[in-house]
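**Student:** Sequences are here, hints too, so could you generate the full structure?
Heads up: the sequence lines are chains A and B, in that order.
Numbering-wise, the numbering used here puts 182 at position 182 of the first sequence, and it's gapless, one number per residue.
Count along the second sequence starting at 1, add 222, and that's the number in the numbering used here.
In case anyone wonders, no lab produced these hints; they're calculated from the structure.
Note that beta-carbon positions come from the ideal geometry of N, C-alpha and C, so glycine has one too.
Among these hints, one or two may not hold up.
To be verified - Chain A side only, calculated, beta carbon under 10 Å to chain B, not exhaustive:
(1) E48
(2) I51
(3) G170
(4) A196
As the list claims (entries may be wrong) - Selected chain A positions facing chain B (Cβ under 8 Å, derived; list incomplete):
(5) Y102
(6) H161
(7) L167
(8) Q197
(9) P212
(10) V221
What follows is each chain in one-letter form.
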Amino acid sequence: MGIENYSEHLTEAEKKHSPKQLFFAGNEELLFNNRRVSVVGSRKATKEGLIRAMIVSKALVKQNIVVVSGLAAGIDTMAHRTAIENGGQTIAVLGTPLDKAYPKQNSGLLETIKKDYLAISQFPKGYPSMPKNFPIRNRTMALISDATIIIEAGEKSGTRHQGWEALRLGRDVFILENVANDPNITWAREMMDYGAQSLSRDNIDMVLEDIPFLTSRLEDVF
Amino acid sequence: MSFKIDFATMLEFATRGQNDIAHNSRLVAGKIKSGNAQVIERLIFHIKHLPKEHPITKLFEGVPVLVPAPRSAPIVDGGHWPTKILCDHLVNAGLGASVQKFLVRTTKVPKSSSFTSAEERPSCNTHYESLSVVAPEAFVEKIILVDDVFTLGRTSCACVRRIKEIYPDADISVFAAMRTRGFVEELANIVKPSFKTMEYNSQYDKVRLPD
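**Tutor:** So, in structure tokens, the structure goes:
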């Protein structure tokens with residue numbers, strides 16, 4: 001099974017919002033082997049947010065978990081770069097066609113990911129760039145990931161769409177402690193009521209170890 | 223209300239085991255949690271190939287109603303419910319008369335992965351308080367609570383306590399696809415049918431497993 005027939009790999013609930021087609025460049029095995037966790041957050045990240053994204057991504061690499069992110073500025077860029085610089089694996093899920101990096105500054109990073117890791121997009125070449133493509137892309141990120149970690153996001157952030165879709169799919173959602181405890185972020189509290197968990201330095205290693213293998217390929221083993 | 227309850231499991235799942243079978247058991251657990259039809263059908267194949275006199279075969283006799291165990295938190299609208307999917311497959315395979323969503327999780331309980339020891343994990347009473355039961359629609363004689371993974375039996379006992387409130391005279395038992403083997407380093411087999419009885423002591427809010 002490969003990316004071309006990815007939908008055959010999905011359950012009925014997963015098919016609901018799954019893309020009709022997935023275009024890819026790179027090592028498609030990254031979509032099927034081991035576990036994948038999305039690291040998401042603001043484009044206009046704070047210095048602390050970037051440091052947290054780096055710590056989380058390093059912890060994922062340590063557990064041999066593929067770091068999934070969206071190639072956007074800020075948290076996404078830090079997640080991809082940290083995975084690469086620490087000998088890990090990464091998948092970029094684009095809100096643009098594969099031949100177009102957004103933001104443009106990440107063109108080099110996209111080429112590296114296409115060559116040595118994996119980039120996927122549900123948008124064919126020439127597909128117009130529209131703001132709505134990015135939340136659609138976030139649903140695909142939730143779909144291919146065993147869990148989603150929200151590093152930093154404000155009250156109106158598009159990141160929250162991925163959290164809700166991950167919860168709908170039955171995936172684990174982790175919200176960094178500082179966001180989870182922020183009284184101004186109402187969606188974080190709502191997501192916690194529906195099963196999202198707070199992630200801190202104290203519990204990260206244990207929590208990552210326990211993320212279930214929901215999306216891995218499984219041969220006939222029993 | 224103290225009680226004894228029969229519980230059956232078909233597969234084993236080593237959360238920390240190091241050999242290939244232990245690793246594969248984690249993949250199987252993930253697929254059951256994700257509602258993967260192929261893996262659930264494989265599980266059903268193994269149930270159907272048990273001897274006629276096996277207690278798990280007998281467990282599914284007599285047109286039982288299957289009740290999916292709730293997730294650890296309320297489910298978002300249209301959200302994934304793995305034990306409901308498991309129940310649907312079992313009924314489609316003739317292992318059960320119907321699926322009845324008697325139980326609802328009204329408030330979340332912390333996931334077991336948030337704790338290092340069994341003592342810290344949510345008690346049976348904590349699970350019980352987080353559950354509500356839907357009013358029954360018809361008389362039923364035999365009910366099987368269906369869960370994906372059985373660990374300490376606290377979720378199961380809390381669910382059974384709630385079901386007993388609406389069906390005090392029904393024959394209630396528990397079936398889980400997999401049983402957690404937390405301290406096993408090497409797993410010999412994934413398929414390991416097991417039928418045992420656990421005991422809930424209401425005075426101490428403790429579940430006693432035979433092993």
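**Student:** None of the hints should be skipped; say for each whether it holds.
**Tutor:** Comparing the hints with the structure gives:
For A/E48, the interface hint is violated, the least distance from its beta-carbon to any beta-carbon of chain B being 24 Å, above 10 Å. With its C-beta approaching chain B no nearer than about 24 Å, A/I51 sits outside the 10 Å limit, and its interface hint is violated. Interface restraint check for A/G170: the shortest CB-CB distance to chain B comes to about 3 Å, inside 10 Å, so the restraint holds. Because the beta carbon of A/A196 sits about 8 Å from the nearest beta carbon in chain B, less than 10 Å, this interface hint is met.
Nearest Cβ of chain B to the Cβ of A/Y102: about 29 Å, over the 8 Å cut. The hint is violated. The beta carbon of A/H161 comes no nearer than 13 Å to any beta carbon in chain B, farther than 8 Å, and the hint placing it at the interface is violated. With a cut of 8 Å, the hint placing A/L167 at the interface with chain B holds, because the nearest CB-to-CB distance is about 5 Å. Interface restraint check for A/Q197: the shortest CB-CB distance to chain B comes to about 6 Å, inside 8 Å, so the restraint holds.
Satisfaction of the interface hint for A/P212 is found here, the shortest Cβ-Cβ separation to chain B being roughly 4 Å, below the 8 Å cut-off. At about 4 Å, the closest approach between the beta carbon of A/V221 and any beta carbon in chain B falls short of 8 Å, and the interface hint on this residue holds.
Hint compliance for this structure: hints 1, 2, 5, 6 are broken, all remaining hints hold.
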